[in-house]
Amino acid sequence: MTYAIQAEGLVKRFKDTEALAGVDLAARTGSVLGVLGPNGAGKTTAVRIFATLLPPDGGHARVAGHDVVREASAVRSLIGLTGQYAAVDENLTGTENLLLIGRLLGMSRRDARARARELLDRFRLSDAAGRAVKTFSGGMRRRLDLAASLVGRPSILFLDEPTTGLDPHSRGELWDMVRGLVADGTTALLTTQYLNEADVLADDIVVIDRGRVIAEGTPDQLKSEVGGQVLEVRPLGPADLPVVHALVSEAAGPDTRIEGEVITVPVKDPELMPTVVRRLDGAGVRVGELALRRSSLDEVFLALTGHRAEPRTDDDAESDDAEGAGAAEPERAVSAR
Amino acid sequence: MTGATMAAPLTGPGRVRPLAWASQTLTMAWRSLVAAKHNPLELVDYSVTPIMFVFLFTYVLGGQMAGSSEAYLMYALPGIIVQNTLFMTVYTAMALNTDLTKGVFDRLRSLPIARSAPLIGRITADLTKHVWAMLLMIGIGTLMGFRITGGPGGFLLGALLLVVFAAAASWTAVLIGMLAGDPEKVQAFSFTVIFPITFASSAFVVVDTMPGWLQAWSDVNPVTHLSDAYRGLLVGGPVAEPVMWSLVWAVGIAAVFAPLAMRAYRAKV
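Sequence order for the protein chains is A and B.
Under UniProt numbering, the residue at position 55 of the first sequence is numbered 55, and the numbers go up by one with no gaps.
Under UniProt numbering, the residue at position 196 of the second sequence is numbered 196, and the numbers go up by one with no gaps.
Pulled out of the complex, with its shape left as it was, chain A reads as follows (with noise of 0.2 Å):
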């Protein structure tokens, strides 16, 4: 097996504060990893480390066999990067940013407007090509700024938060562009607070809290490992609420909470879903839905670190600015089922 991203017991202080205190991760050629974690967990200064803008300062690490501080130009050639926030420049239009980028990479004046025109195309700002980009919303921003990563057809891209700050329309898109990517053969690394975020666009999965990875594997296994499964029970209406949470309650525990018009419990016995249903059939309670589902990466994250995870903080490097500020509202993370 082949990786394109590699950390060995990676290490990075600031002051007095260990923001990477031995970080273990590996990518796959062609596939994408997830990088999950709450504000200030070490997130993006993993990333600034393997896209070569930071040296760590124990361990090591590799982006397609280069070590990144030994042979930061060859990896600097094969990578692309997006950041939290937007760094493109918001004086220049659209096409420019990407003109620059091309022209920077010595591309031809010809070949780079025609890979401007052919990103912009792709990502759906042919319209707004002509605009400076301090008119762009937060996210065609966001999409511009993963166009200008991708001038030089990195086959490594770094996405450090790309969706922090979107509306949840803005955000499936960004998801879609980055599916296609991958699909095209790209290895991506990809942090991210959402959790269902990484459930949907990663392969693999680490959590790290606090500079260490607590926890690794693909979200099924995540979710079946730490979380097992969750008993879900919706009564017919929300009257019936007590009563079906008294009934589960006592062939399930105390563990067993109401969640919106919901009762979940966390299954350990195999035998509990049919005691359940006995239970209520014997006290005459109809249930609008019963089901078996695993645990969600919410509840997985929460079972990991003891906290759930925040909406961010803005403790987390830059801040990003009123840019987007008005769209990040703070998102619980629902599971996908």
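Watch out, some of these pointers could steer you wrong.
DSBU-like, lysine-lysine: derived pairs with alpha carbons at most 30 Å apart [said to hold, decoys possible]: (1) B:K268 with B:K37; (2) A:K134 with B:K129; (3) B:K268 with B:K185; (4) B:K129 with B:K268; (5) B:K185 with A:K15; (6) B:K37 with A:K134; (7) B:K185 with B:K129; (8) B:K37 with B:K185; (9) B:K129 with B:K37; (10) B:K185 with A:K134; (11) A:K134 with B:K268; (12) B:K268 with A:K15.
Residues on chain A that point at chain B, a partial pick, calculated with CB under 8 Å [as the list claims (entries may be wrong)]: (13) L81; (14) G83; (15) D89; (16) N91; (17) L100; (18) I101; (19) L104.
The hints are simulated quantities; they were obtained by calculation from the structure and are not laboratory data.
Just so you know, even glycine gets a beta-carbon here, dropped at the ideal spot from N, CA and C.
Given the structure of chain A, go ahead and fit chain B onto it with the hints provided.
Leaving out everything else, chain B in the frame of chain A:
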């Protein structure tokens, strides 16, 4: 897929060939210049403000200072241009700081390009803007009655001296731009320093009426030397000594600030 000319692989570890370096630097300079097209504020910074300085100093102060606006313009225009040159270095600092704090430098650094290209490109572009503002102010001044009596030679040497000094002063701008937390702080700090330096000089007035302690300062002030030198080249007067001192200052400023600025730049970019 079209455009198969991918970035030429670098020769050796991290070395960029001179031709590639020049092309990257010019590309960065192009970026700084073309941005002005979409940013009306830059038009204000590099065109409206300089013209306003010429108008205000000449017509508000001129009569009282020298008996007539025209007479004052002949004295003050070179000084106003020098003052504007110093003010404009602040924009270099602000632009660099914006690139730094907005993450543009992160993107550039992740590319296989020469590390100095963004910096030298910015300075090159801004020196072009200095020349533009200077030409604009001389043009407006000429319409208002200013006459270059030093001939084309004086005009060209004056322009060259101004650019050399601006290039040296840019290193202080680079240092401030790299160290400041945000562009507003750059502006606040820079103008606090630049105002006393430019006004306590011979740029706008003959220093004779200043109190002794201030004269002592203005006699060594680089703005005094540069204003006198530029004035001498444009309209006549002693040239050799002020030009020499201007160059000494320029070399001194560059010698102190260029290494500091480069160190700050390498630490950040």
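Here's how the hints hold up against the structure:
no.	hint	in the structure
1	B:K268 with B:K37	holds, 28 Å
2	A:K134 with B:K129	holds, 23 Å
3	B:K268 with B:K185	holds, 17 Å
4	B:K129 with B:K268	holds, 26 Å
5	B:K185 with A:K15	holds, 24 Å
6	B:K37 with A:K134	holds, 13 Å
7	B:K185 with B:K129	holds, 23 Å
8	B:K37 with B:K185	holds, 25 Å
9	B:K129 with B:K37	holds, 13 Å
10	B:K185 with A:K134	holds, 22 Å
11	A:K134 with B:K268	holds, 25 Å
12	B:K268 with A:K15	holds, 16 Å
13	L81	holds, 4 Å
14	G83	holds, 5 Å
15	D89	holds, 6 Å
16	N91	holds, 4 Å
17	L100	holds, 5 Å
18	I101	holds, 7 Å
19	L104	holds, 5 Å
No hint from the list above goes unmet by this structure.
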